[in-house]
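Chemist: First to last, the sequence lines map onto chains A, B and C. In this text, residue positions in the first sequence follow our numbering: the first is 1, and each later residue adds one. In this text, residue positions in the second sequence follow our numbering: the first is 1001, and each later residue adds one. In this text, residue positions in the third sequence follow our numbering: the first is 2001, and each later residue adds one.
Honestly, I wouldn't trust all of these hints.
Pairs of lysine to aspartate or glutamate, EDC-like flavour, derived with a Cα cap of 20 Å [claimed, not checked]:
(1) K207(A) <-> E1061(B)
(2) K1192(B) <-> E1140(B)
(3) K1088(B) <-> E1130(B)
(4) K1192(B) <-> D1139(B)
(5) K207(A) <-> D1139(B)
(6) K207(A) <-> E1140(B)
Derived Cβ-Cβ restraints for the label pairs, each shown as a range [stated by the list, open to error]:
(7) A2277(C) <-> G1113(B): 52 to 60 Å
(8) G2017(C) <-> L1090(B): 53 to 61 Å
(9) A258(A) <-> H2171(C): 40 to 48 Å
(10) G2240(C) <-> G54(A): 31 to 39 Å
(11) P2140(C) <-> A3(A): 39 to 47 Å
(12) L1090(B) <-> I131(A): 33 to 41 Å
Keep in mind that the hints were calculated from the coordinates and are not lab data. Computed from a prediction, not measured in an experiment: that's the story for all the values here. The beta-carbon is built from N, C-alpha and C at its ideal position, and this holds for glycine as well.
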Amino acid sequence: MFAGFMLGTWMVGTLAALVAGVVGVFVVLRGSAFAAHTLPLSAFPGAAAASLVGRSQILGMVLFAGVGVVGIARLPRRDDHDVGTALTLVTLLGLGALFLSLTNGYASEVYALLFGQVLGVGVRDLTVVAIMGAVAIAATAVFYRPLLLTSISSELAEAQGVSCEQMDVIFLILLALTTVMTLPIVGALLVFSLLVGPPAAARMLTKTPLHTVLLSVVLALLVTWLAIALSYLTNWPIGFFVGALGALAYGAGVAWSAWRGRSRRDVAGATRAI
Amino acid sequence: MAVRDAPTTSALVVDRIEVVLGGRPIISNVSFLLGRGEFAGVIGANGAGKTTLLRTILGLERASQGTVQIHDATGSAGRPRVGYVPQKVLLDPSLPLRARDLVALGLDGHRLGLPLPSPARDRLVAEMLEAVDAQDFADERVGTLSGGQQQRILIAHALIRRPVLLVMDEPLASLDVHSAASVAALLAHLAKTQDVAILLSAHDMNPLVGVMDRIVYLANGHAAEGSVEEVLRGDVLSELYGHHVDVIRVHDRIVVVVAPGDPSATDHATLLSGGRETD
Amino acid sequence: MNRLLRILVEPGFFTNGSVHTALVVGAGAALVSGVVGVFTVMRGQSFAGHALSDVSSAGGSLSFLLRMNPLLGFLGMAALASGGMELAGVRYARGRDLATGVVLGAGLGLAALFLYLDSTFTTTTGAAITVMFGSMFAIPASTAILASLVGLVALVAVAVLYRPLLLTSVHWELAAVRGVRVGLIALLYMLVLSLAVSLSAITVGAILSTALLIGPAGTALGVARRPGSAVLLACGIALGATWLGILLAYDSGAWTPQHPWPVSFFVVALLLLSYLAIGRSPRRVPRPANGEM
Ligand SMILES: Nc1ncnc2c1ncn2[C@@H]1O[C@H](COP(=O)(O)OP(=O)(O)O)[C@@H](O)[C@H]1O
Ligand SMILES: [Mg+2]
């Protein structure tokens, strides 16, 4: 499992989990689950197109994730992003379907793009992935406070002179970067699990945003490492383990905070009774 | 209505402004002054133009006539600081954010970079929490606090940057009578102790009558301005409404009764005497 | 006239059995999605609708493993997930999206597993593509009857629930005060949604079925003034896009015989075009920063 050909997988997986753990916190705070689901699937046709013309998958994914960001942010919308996001998603996926049919899409290749694979992640991509990860983390650090403020309340943010629209776009770009790093291993459909499960659990167990970020990173690393190991051992798809472990983390968070909430209510009730 | 001779201490000077929205003048010829340490209420029924007036003062809406000036005490260059608490701030109880963290974001939420540990900031936050009497719940999740507690935190969030002027839109609207009275008293106290001009809007003036220094009473797109005694009089308000109204004091509540028959009037009368149903 | 028709429509279109099946199933999917989609968009549940169809892909892939009708697989899984999502119902919109998302992630994980098992234990090839992106011309004729039945049930259910559904979509507290059993309506609506989603999953594929659900409804709600006309317009757009998409895909087989273009691609492209052409929000009233008008 730790053989040389798995080195790329472990390293890329670790970097991806780190970034997904951080950026995922803002996905959860902003309630942007739909966007977090849409961007990976937007990047997917990029990978398909890249293999059609024989170019680097990463380049294709970056291009298409970029189109996804523009679509989500700019498609005419009514009350919220929802309809625009849905249309961005299906349009890019429709293109994906087309590209696949043109490449005679080897079923196994499509399957790997959608559901992930642990073998064959090249060390060659490591530099690019590492640079992207560094950029994503640095950008999150730079925009940390305005991102947080706009996630808490758009009214308060605007009152303080922070533009919600700008922060929206910055957030989507961060999400796109995370996607491109994570997709090759976890697969387009399950990137999202990593972006939502660990931070959602962390949010329930912590009281300050910084602690949420830390716990979320720890959980994301655990989920990713376990998923890689289990997938290697059982030969089952890694996407299955990421999805299941992500849901498990969330479920554990719900159970723990419910249990703690009950014990705290008991204490509060006792004090009030006095 | 002429502006009083503007003393140099005025934090806010509103001079004969008119605001047009959707091709319709919403307020016109509104003037008043507010000094540091003064606490004033903009009173009016729903739709009277309170929000419009406050947004114009904040520069979010443009006055088609007249001017709004905000003065720093030192006369230093640059735009003086204005604190703002918007009308409806809904905080999600699941936010992993202590009340204390929200107050700190009032200081530097617009800055880039990670919030590095800073004793100076912690001290300022603690001071503000003490000023609004919120130490007891400072470490709770802010979304789980009661309406009155959240209002205190939002006030601290806005005051921590030491603005010359604090503007609040209907901060008492969703509070019960008791919390409304205590937040109003707190604001009057803060205006003096923090040396800040506070302007808030309300459709029910009763929690404010005993504590506000000045009142800006909006009706018919115009304003009557002055101390509570100067404005809350039958003759003054009759002139503002353009027909006869009575100002009645029952127990310690003030009710403005507009002559029956005027369709816009009943609304005002009930609203301004409001709060009874929550008693 | 005849020649013009021959240019537009490749020979065999009207006599081909699998085209007939595609047209019938496609029409059912389009009509049901058009109707149900209007409520989905009004309720701000685009994400829930999409999640349901993605999760249903686990059922679709399981059906290959168990050698049963894929529509039944999609239906079973979607119904199960819709019940789960509604019962887990979280009060705050953000929380709701997250719970939906976690169910979605777990469902997709299952789909990954079943597809893997499909390829190991059966001789099925390309199940992943069929389940995810649909292959309309490969729908067995027997499915047409079942699909029509499912479509009929969904339409009748919406007709019965129309008014309470509309009221709860506009404002659920108002509805609750009027005595509507909001929770029950929401659950029934989710079940109808799962019917719609399964139908379009066998048509354009599980991860693309959102296109039929949201595209026409989003377009229609941008221009229609009344819910009734929004429903009609959405059905018209969905039906038009689906049939035209089938025709174009069939024709494309003649342009590039070795690579016929997928129906899903044409359907989605047509839906996007219609959204951009007529669905623009008519006037955008600038909202004050404090959210009050
Ligand atoms: N953007 C706008 N365009 C046109 N009219 C507006 C706009 N905003 C507010 N108004 C109108 O201005 C009047 C005053 O509104 P507002 O200032 O919100 O009143 P209040 O805050 O006292 O309830 C209302 O009649 C309202 O309809
Ligand atoms: Mg107002």
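Chemist: For the hint 31 to 39 Å, verify it against the beta carbon of G2240(C) and that of G54(A).
Modeler: The hint (31 to 39 Å, Cβ to Cβ) holds, given that G2240(C) and G54(A) are roughly 37 Å apart.
Chemist: Between L1090(B) and I131(A), does the C-beta distance stay in 33 to 41 Å?
Modeler: With Cβ atoms ~39 Å apart, the hint holds.
Chemist: Just to be careful, I want the Cα atoms of K1088(B) and E1130(B) compared with a cutoff of 20 Å; is the pair within it?
Modeler: 24 Å, violated
Chemist: Below or equal to 20 Å on CA atoms is what counts here, so check K207(A) against E1061(B).
Modeler: It is violated: about 37 Å lies between the C-alpha atoms, which goes past 20 Å.
Chemist: Between A258(A) and H2171(C), does the C-beta distance stay in 40 to 48 Å?
Modeler: Taking Cβ atoms as reference, A258(A) and H2171(C) lie about 30 Å apart, which means the hint is violated.
Chemist: Does the Cβ pair A2277(C), G1113(B) satisfy 52 to 60 Å?
Modeler: Violated - the Cβ-Cβ distance for A2277(C) and G1113(B), about 45 Å, lies outside 52 to 60 Å.
Chemist: Look at the Cβ atoms of G2017(C) and L1090(B) and judge whether their distance stays inside 53 to 61 Å.
Modeler: About 57 Å separates the Cβ atoms of G2017(C) and L1090(B), which means 53 to 61 Å holds.
Chemist: If you draw a straight line from the CA of K1192(B) to the CA of D1139(B), is it 20 Å or shorter?
Modeler: With a Cα-Cα distance of about 27 Å, the restraint between K1192(B) and D1139(B) is violated, given a limit of 20 Å.
Chemist: Given the hinted pair K207(A) and D1139(B), is their alpha-carbon gap at most 20 Å?
Modeler: Judged against 20 Å, a Cα distance of about 8 Å means the pair holds.
Chemist: Holds or violated: are the alpha carbons of K1192(B) and E1140(B) at most 20 Å from each other?
Modeler: 28 Å, violated
Chemist: Mind checking the alpha carbons of K207(A) and E1140(B) for me, to see if they're no more than 20 Å apart?
Modeler: Distance ~8 Å between K207(A) and E1140(B) Cα, so the pair holds.
Chemist: Taking the Cβ atom of P2140(C) and the Cβ atom of A3(A), is their distance within the range 39 to 47 Å?
Modeler: About 46 Å separates the Cβ atoms of P2140(C) and A3(A), which means 39 to 47 Å holds.
Consistency note: the structure conflicts with the earlier hints numbered 1, 2, 3, 4, 7 and 9.
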